[in-house]
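Build out the structure end to end from the sequences listed, making use of the hints.
Chains as they are written, first to last, in our numbering: chain A, 74 to 166; chain B, 74 to 166; chain C, 74 to 166; chain D, 74 to 166.
Since the list can't tell identical chains apart, any single copy or any two copies may satisfy a pair.
Cross-link-like lysine to aspartate or glutamate pairs, in silico, EDC-like; alpha carbons within 20 Å at most:
hint: 1; residue 1: K81; residue 2: D110
hint: 2; residue 1: K81; residue 2: E132
hint: 3; residue 1: K81; residue 2: D103
It is worth saying that the hints were derived from the structure and are not from the lab.
This one's a predicted model, so the numbers in the text were calculated from it and none came from an experiment.
Protein chains: 4
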Amino acid sequence: MRGYSMHKDDYQRRLARIEGQVRGLARMIDEEQYCIDVLTQIASVTRALQGVGLGLLDEHLGHCVREATERDPGEGDAKITEAVTAVERLLRA
Amino acid sequence: MRGYSMHKDDYQRRLARIEGQVRGLARMIDEEQYCIDVLTQIASVTRALQGVGLGLLDEHLGHCVREATERDPGEGDAKITEAVTAVERLLRA
Amino acid sequence: MRGYSMHKDDYQRRLARIEGQVRGLARMIDEEQYCIDVLTQIASVTRALQGVGLGLLDEHLGHCVREATERDPGEGDAKITEAVTAVERLLRA
Amino acid sequence: MRGYSMHKDDYQRRLARIEGQVRGLARMIDEEQYCIDVLTQIASVTRALQGVGLGLLDEHLGHCVREATERDPGEGDAKITEAVTAVERLLRA
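Here's what the structure looks like:
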């Protein structure tokens with residue numbers, strides 16, 4: 074069982090809210106709202122998405138990475154490098 | 074008429090795709106897929122959102138900012154500072 | 074003359090300060106200070122660098138892009154796309 | 074001993090190179106080089122700084138966080154949350 078399954082409901086609520094925000098963006102563009110307001114809302118959706126990612130990262134490090142390390146420190150190191158590469162992808166998204 | 078109204082259909086298609094990706098994220102978490110795969114997908118959705126933002130910024134600079142500058146250079150300067158502040162919010166999202 | 078030449082002294086002061094911060098990072102690592110403190114300082118230097126970039130972007134849009142647009146709107150459009158591509162590189166740095 | 078002390082020389086070399094790049098930025102502005110070229114160079118320095126941060130994060134997770142977890146899993150959790158908060162600061166820099 075993945076570590077994050079305890080917080081599944083919280084993630085589902087946050088993603089449902091983000092989905093609504095993306096629909097809101099489509100509506101803003103349909104109504105030709107001011108560009109800068111759309112950009113502000115895009116920054117807000119991005120931040121909400123990153124928040125989900127940071128929550129998952131926290132749980133991944135406390136569960137998957139920890140368990141891998143307990144089985145085998147070398148496997149733990151590989152998981153850490155994998156997680157840092159995922160952080161790099163978020164940073165460069 | 075906002076500058077981006079010419080590309081409305083393109084933005085709507087991209088946002089519909091992003092909305093589908095966010096639903097995909099909810100499904101990945103529901104199915105307890107591997108955290109790192111969810112993080113990779115979050116980076117991909119973030120990048121797609123930023124792409125919409127960059128497209129809007131391009132049109133905003135070519136339309137709203139340009140028209141403001143033609144009316145009054147001081148108004149143009151204010152619009153530029155407003156756009157740069159929006160970029161800052163994207164950078165720090 | 075580039076638009077930013079009016080603010081040269083301000084940029085030079087900010088960059089001299091950033092250079093000092095980078096030397097401070099080297100010293101923190103030499104003294105084996107706590108990783109998280111080094112990361113916090115890296116975030117601070119990054120933000121200072123981005124601040125210089127945003128200042129340059131503001132002036133570029135108000136000078137080079139504006140002058141290009143006055144000469145030829147098509148040339149202005151090309152300059153805008155070039156500036157948005159530069160923003161994209163900052164976002165993905 | 075901090076985990077990163079094994080790679081001290083590598084970090085020192087990278088930071089010396091970044092310091093040189095920041096001095097190069099000051100020179101570019103002094104010579105009034107093209108804004109977009111300065112922005113491209115700022116993106117490159119930012120990426121180099123983030124690279125140092127990601128290296129430190131990797132070692133921090135494999136050393137400090139791992140040792141804290143071995144002493145006490147609750148302490149390990151606190152260290153993980155601290156590291157994720159540091160990632161958040163990098164993301165929002």
